[in-house]
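Visitor: In case you want the letters, here they are:
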Amino acid sequence: MTGRRNFQRTVQQLLLSSLIVSFALLSFAASAFGQNGGELRFCLRSEPKTFDPLLVDDDSSLSIRYLTGGVLARVNRHTQELEPELAESWKISKDGKQITFKLRQGVKFSDGTPFSAEDVAFTMQRLMDPALHTSTGDAFRSANGTVSSKVLAPDQILITFPASIAGLDRLFDQVAIMSSHSPKKEAAVLGPFMVAEYKAGSTLLLRRNPFYWKKDPAGRQLPYLDSIRLDIQANRDVEMLRFKRGELDLINVIDSDYYDKLAATSAGVAHDAGASLDSDFMWFNQVATAPIPEYKRAWFRSTNFRLAISEAINRDDLSRIVFNGHAQPAVGPVSPANKFWFNGKLKAEPYRPDAALQKLQADGFHLQNGALFDKGGNAVEFSIVTNASSKPRERMAVMVQEDLSKLGIKVNVVTLDFPSLIERISEKFNYEAAMLGFRNVDLDPNGQMNIWLSSAKQHAWNPQQKTPETAWEAEIDRLMRAQASAADPKKRKESFDRIQEIVAEQAPFIYLVNVNALSAVSTSVAGANPGILSPQTFWNAERLTLNPNTRASR
Amino acid sequence: MFACIVVLAVCALSLSANWLAPSGYAKQFRDAPSSPPSRQHWLGTDDIGRDRFARVLYGTRISLLLAPAAALVSTALAALVGGLAGYLGGIWLRIARGFTDLFLSLPWLFLLITVRALMPLNVSPLVSVLITFLILGLLGWAASARVLSTSADALRNSDFVLQARASGLHGSRLFLIHVLPNLKPVLYAQFWISIPVFILSEANLGILGLGVAEPLPSWGSLLRELEGMISFREEPWRLVPLVLLIVVMTSFQLLLSNEELTA
Chain A
1 MTGRRNFQRT VQQLLLSSLI VSFALLSFAA SAFGQNGGEL RFCLRSEPKT FDPLLVDDDS
61 SLSIRYLTGG VLARVNRHTQ ELEPELAESW KISKDGKQIT FKLRQGVKFS DGTPFSAEDV
121 AFTMQRLMDP ALHTSTGDAF RSANGTVSSK VLAPDQILIT FPASIAGLDR LFDQVAIMSS
181 HSPKKEAAVL GPFMVAEYKA GSTLLLRRNP FYWKKDPAGR QLPYLDSIRL DIQANRDVEM
241 LRFKRGELDL INVIDSDYYD KLAATSAGVA HDAGASLDSD FMWFNQVATA PIPEYKRAWF
301 RSTNFRLAIS EAINRDDLSR IVFNGHAQPA VGPVSPANKF WFNGKLKAEP YRPDAALQKL
361 QADGFHLQNG ALFDKGGNAV EFSIVTNASS KPRERMAVMV QEDLSKLGIK VNVVTLDFPS
421 LIERISEKFN YEAAMLGFRN VDLDPNGQMN IWLSSAKQHA WNPQQKTPET AWEAEIDRLM
481 RAQASAADPK KRKESFDRIQ EIVAEQAPFI YLVNVNALSA VSTSVAGANP GILSPQTFWN
541 AERLTLNPNT RASR
Chain B
1 MFACIVVLAV CALSLSANWL APSGYAKQFR DAPSSPPSRQ HWLGTDDIGR DRFARVLYGT
61 RISLLLAPAA ALVSTALAAL VGGLAGYLGG IWLRIARGFT DLFLSLPWLF LLITVRALMP
121 LNVSPLVSVL ITFLILGLLG WAASARVLST SADALRNSDF VLQARASGLH GSRLFLIHVL
181 PNLKPVLYAQ FWISIPVFIL SEANLGILGL GVAEPLPSWG SLLRELEGMI SFREEPWRLV
241 PLVLLIVVMT SFQLLLSNEE LTA
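Taken in order, these protein sequences are the chains called A and B. Residue numbers for the first sequence follow our numbering, so the first one is 1 and each next one is one higher. Residue numbers for the second sequence follow our numbering, so the first one is 1 and each next one is one higher.
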């Protein structure tokens, strides 16, 4: 009897052990290769203006396009390298005017219709339609003429442009391919998710695309998530409260105050990915016809004056105090986070009030009873306008005000509502100095063409010049055009490096800080790797998973 | 009585800011931003290291002194428009009422933002604060004018005014001797009502970042510090400006009730 009992016990133990081992193996497999199911939740900060991927121009629509659209090639938001997606490979002609894509086979749209080169041709034709003005299409318009697409085979297409386009292949990161055959048109997508439900002003529900082509290393179809619920919520305080209550899984961009509060209360939730591509800067009005006194225009047009102001600003303090250390002193138009295009020879302007004063004295300025006067006896006083809605920018302006007061310069800080500010700085030119930020989503400098060309409308300090008014602006024009027409990335880089040096020498923009990319990701989300490029937290949405407890509760 | 003591005490405190907070409202202690209360900074420092106690005192001074000034401007305008229209009656009264109704129907906040945007940029913070309250005063007369026109209209048809008229008293003498003194209680009430309204209007503009220019503090700019505060327990000392605003507004309301009862 005892032997039988022992045998039974041994069998039971073996069964139990094998069950435990199986469970452990399953758990390991699940954690290693992701789990299916669950609903990820986060907020859009405004109503999406369109679901048409070719008309996208606002942040919310961009997020939706990123999650639903399939592209030929995608910039990896972590490595910043271009990687194949729907195109297995591509080749750019030597003159930079043609690109040939070899497409992936067996791919289907979310409605089950097959994907082929005809869809790419249809998308390009629609994108370049002159009646359809889109920022995505404008990036491909290098010269007058038509863009033609030739289907070489069901999986091969040749696209020809009237002139060479610098960084041509990277532009396809923004082109979500549309179906030429599907009756659903933009609703038929190639991305990991598809729009399932939309309640205007409230919620957008994205469901898993059952025909998504991508698989994980174990051969399991992606995405892991069942759905993504996007609540439309403009109020950041409410968004943060909901995140803290566990109603949201991530916040794509948070400010430094929220970051510190989150980091203090919830470990491993707040993420600082380092300096972003965004920059905050100030500039002086150099427009010849601006309604400002002539002696002030002379100050603002003096390189020494601008450089002195730049040297008198304590950027370390701005980063440390205004952004609680979650910002870096800015070097120039390209953030150090932009691995390829940043000119590594340049350094952020150090805080040197003494050197600044010497520069001003070289220009005829002098101190008298603690106040600075120019050679004509005019007290140095000017106003800095900035937008009222940005608390960090207002704080920076007040700190600049204090820094410059040490040189005897009186600064008046004026906060205006955004439309009034834009009217003053871009239409009436009725301002002296302005402080704003540049939200850069494009790694390639071609995206800054409308800022650096002297004839451009966004050439903030002196826009829409008929001919460049200074030699250095003429040189920037020449270099910008040279880099835009060169096919060789090294030659382009040389040109843009020089532009960065000229900007540092002339200080038309006084760059202040590059704010860090701060985000919040709940511990219930696995696989997130927040980066500096948009969309910071969900750039790898198809590989994100929710832990089983969270999944069960949804 | 208690309300009067509170208002006077707050006024006295704000007027003695130079002695109580010698560091001033603008000095940035950059080594100690957002610090908690200490012996050096009784209410801690703000985001860029400015002494919060000093800013509360100076901000109170600005809001408490300039809001009555703005109320005076608006009440004077209201007396001029409403009082005269009511006294003259007939077509003048209809025109004045139409005009005040039109003025009242304007979206106040947007009007203030527009006027603020049209202001010259290169003005000192002190001038900007004067302009802000002057704008508030110039734009805030309509509601009081409506009340005053009705009161003056009632007075115009009262027995004693008819009797004075029958005795040969006309024009400005009749207005100044008989009508205006009898409008006094309404004028006082309108003046007291306007003060908290202007304080709150400036606070609203300040919260939008469009109030008094930096580095000058006001209750509006101090309240803006509460933006993004998601728990009262975190830094309760930051609530001092809000508490002060509530206490002063309540005191004004209590004073106003007394004033109305007396009237």
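Hints may be right or wrong, so weigh each one.
[Claimed, not checked] Heads up, simulated DSS-like pairs for lysine-lysine below, C-alpha to C-alpha not over 30 Å straight-line:
#, chain 1, residue 1, chain 2, residue 2
1, A, Lys261, B, Lys27
2, B, Lys184, A, Lys410
3, B, Lys184, A, Lys296
4, A, Lys261, A, Lys244
5, A, Lys406, B, Lys27
6, A, Lys296, A, Lys457
7, A, Lys391, B, Lys184
8, A, Lys410, A, Lys347
Hints are computed from structural coordinates only; laboratory data are not their basis. Just so you know, these numbers come straight off a predicted model, no measurement behind them.
Visitor: If a hint holds in the structure, say so; if it does not, say that too.
Guide: Consistency of the hints with the structure:
1. In summary, the hint linking lysine 261 (chain A) to lysine 27 (chain B) is supported, as the alpha carbons are separated by about 26 Å, within the 30 Å threshold.
2. At roughly 46 Å between alpha-carbon atoms, lysine 184 (chain B) and lysine 410 (chain A) are farther apart than 30 Å, so this suggested pair is violated.
3. Only pairs whose Cα atoms come within 30 Å are accepted, and lysine 184 (chain B) paired with lysine 296 (chain A) is rejected, the gap being roughly 51 Å.
4. With a C-alpha separation of about 11 Å, the suggested pairing of lysine 261 (chain A) with lysine 244 (chain A) holds against the 30 Å cut-off.
5. In summary, the hint linking lysine 406 (chain A) to lysine 27 (chain B) is supported, as the alpha carbons are separated by about 12 Å, within the 30 Å threshold.
6. Annotation: proposed proximity of lysine 296 (chain A) to lysine 457 (chain A) holds, straight-line Cα distance about 23 Å (limit 30 Å).
7. In summary, the hint linking lysine 391 (chain A) to lysine 184 (chain B) is not supported, as the alpha carbons are separated by about 44 Å, beyond the 30 Å threshold.
8. Among the hinted pairs, lysine 410 (chain A) with lysine 347 (chain A) is consistent with the structure: their alpha-carbon atoms are about 28 Å apart, no more than 30 Å.
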